[in-house]
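Protein chains in written order, with UniProt numbering: chain P, 1 to 347; chain F, 1 to 347.
One or more of the hints may lead you astray.
Any copy, or any two copies together, can satisfy a pair, since identical chains are not distinguished.
Unchecked claim - Distance condition first, Cα-Cα at most 30 Å in a straight line; then the derived DSS-like pairs of lysine-lysine:
| no. | residue 1 | residue 2 |
| --- | --- | --- |
| 1 | Lys335 | Lys212 |
| 2 | Lys331 | Lys247 |
| 3 | Lys212 | Lys20 |
| 4 | Lys20 | Lys120 |
| 5 | Lys120 | Lys251 |
| 6 | Lys25 | Lys120 |
Since the hints were derived computationally from the structure, they do not count as laboratory data.
Protein chains: 2
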Amino acid sequence: MPPLDEFGLIRVWTEGRQSKEMLAKAGVTLGIGDDAAVVAGSSGQEWLFAMDTMVEEIHFRNETMSESDVGYKALAANISDIAAMGGMPKFALVSVSVPPQWDSNRMKQLYDGVYMCAEKYGVAVIGGDTTSAPRHLVVSVTVIGSIEAGKAIRRSGAKAGQFVFLTGPTGLSAGGLHGLLKKPADEGGPDSVPVPPHRLVQAHQRPSPSVKAGRILLEQGWGASLNDVSDGVASEAWEIAEASHVKLVLKETHLPLSGELVAYARDNGIHPLDWVLYGGEDYVLLGTADKRHELAMKEHFRAEGIPLFIIGEVEAGQPEVILETSAGASKPIHKRGYNHFPKGYNE
Amino acid sequence: MPPLDEFGLIRVWTEGRQSKEMLAKAGVTLGIGDDAAVVAGSSGQEWLFAMDTMVEEIHFRNETMSESDVGYKALAANISDIAAMGGMPKFALVSVSVPPQWDSNRMKQLYDGVYMCAEKYGVAVIGGDTTSAPRHLVVSVTVIGSIEAGKAIRRSGAKAGQFVFLTGPTGLSAGGLHGLLKKPADEGGPDSVPVPPHRLVQAHQRPSPSVKAGRILLEQGWGASLNDVSDGVASEAWEIAEASHVKLVLKETHLPLSGELVAYARDNGIHPLDWVLYGGEDYVLLGTADKRHELAMKEHFRAEGIPLFIIGEVEAGQPEVILETSAGASKPIHKRGYNHFPKGYNE
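In isolation and in its complexed conformation, chain P is listed as follows (with noise of 0.2 Å):
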């Protein structure tokens, strides 16, 4: 079986299991699918659900994530799908699996983090689970928010003559969990690599969701289509691509590079676009827009400090994603998602 986080084979195991007429009467506006399923509330707004799980081995370990990190990053990431809609996080129910080896004290940790992240997005926890697992910690956490009725954001709403956007750099996550991976016995060593700039690591253990960009978009009606950047750059196009039958063609000149990223990368002889394009986990947004909005969205986003990057154009045609090189060249992009630990670092 592929890795199941690139494929989504969610959809092949859920889709049209449900009539549409039975999901219609139970008031559910946008079902499985996007970042956060759409249900009916109450005087124009609606409600908005995301559910994503954090397993060890997988998506951290003990010396990329500390206990608090994966706390507060296992509700960051659920927070940001909220985020992709345009949403405001409220509510969020904690499950957590507990292997033998993670005492109560590393609980206590994990449980730090959650709130201190519920705590800086204004979340209530209201719910959970705890349960014991035979060898890994797992963490699944439900978000709940809340959405203007007939606002949201969705990945469908692509059309060409857009342009895509990014709200921040992309590829810092990748950086750092790269120097997290270089254990101490390598330091010195001839395959030792250099320190990895607090910033890259900060992005992989401490993320934060784009929740006021998302508003913005959503509030002054600029976000046409809208994912979070939590599989990469490539599959999340690839997503927009798919749901709204578009070619997002992505120029790489336009492609925001952090300095700091790329230094790293030069000095460990990786090609920085590697992890701009494939590295997951940074939590910004990218999305589409009318050309418009382009002039009033730079100067509402400059006024309110978050970073806008126009990276590329909508186009008509066969769903996929190029990349226009700086060489003039134009490159399909593969919807490759994001891997924590390829091959080779597992065993």
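Starting from the structure of chain P, add chain F where the hints point.
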């Protein structure tokens, strides 16, 4: 660390983390600590949120549950938490962490079970997540329910003078599990056990959450306190005693004993009371009600074809659970919860 399922350590890690004011302002009527959280809805309605996780080797194994059983039961257990408040289940999110040995076909079967249960209880499956897992399958489910505002039946409503009731017999699921754990290789050997009756196996693999019983208790205003029997009668009675600051006195002669269970237990040299009090996952409801309702409740439940057993009384005093034995003695019942695979089974 003591088994997590038993002591609900989640309270230790979560209690007092967010102020009552913050939670109230966010619209939280009831936070962590009951079967489901209660959140303000609209026009006389509130939302219920429950989250429950099932882990391979902790809650099930290949030999005890088929793939579709796992999916069915994971959703059923969550629906039961909504029933335990008197609510109506509406939506579900399902997150599955999939180890390499689970191929796509097994996953399809798991979702077959999820959707079978969803169909039966009118639940719309609106989202979730699929990730890889290094070794063991983990299924987390969040169920969202709806309930009449201010009417949710809490654990804390028991008062001295009320009677204690059960909406069905207990111990069946534990009996079924006992049979399922005997390997075929044992058959005919000196340790062989009789095959457990189909009803016990069914109770373990395809439990029926008590949504209808919960609705009656709410609509008629009869349920003063309520819990679903997920961790066993002893544990659920203790939770009510502690949340309500009362003593629950259960009468051994009043505890419902399924004839099939008694026969199967005795054939295996097991005292059926062990399963009745300490076996979990029967998903009937345990609660308390005012004595003046006793007659009307009995008639109504009989007319609806739902069992109702009066099994004891609520008394004033320090929180505890007492069993009045058939011999007339008073025996304290320990808080011990349900353990699927006790030590010795696991290796």
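Hint check results:
1. For the identical chains of this complex, lysine 335 and lysine 212 are intra-copy neighbours only, at 28 Å inside a copy versus 47 Å across copies, given an alpha-carbon limit of 30 Å.
2. For the identical chains of this complex, lysine 331 and lysine 247 are intra-copy neighbours only, at 13 Å inside a copy versus 72 Å across copies, given an alpha-carbon limit of 30 Å.
3. For a Cα distance limit of 30 Å, the shortest separation of lysine 212 from lysine 20 across copies, 26 Å, qualifies, whereas the shortest one inside one copy, 33 Å, does not.
4. Proximity of lysine 20 and lysine 120 under a CA criterion of 30 Å is satisfied inter-copy only: 17 Å between copies versus 37 Å inside one chain copy.
5. Neither within a single protomer nor between protomers do lysine 120 and lysine 251 lie at most 30 Å apart by alpha-carbon distance, with minima of 35 Å and 50 Å respectively.
6. Proximity of lysine 25 to lysine 120 under the C-alpha cut-off of 30 Å is restricted to the inter-copy arrangement: shortest distance 16 Å between copies versus 36 Å within a copy.
Going down the numbered hints, you'll see the structure goes against just number 5.
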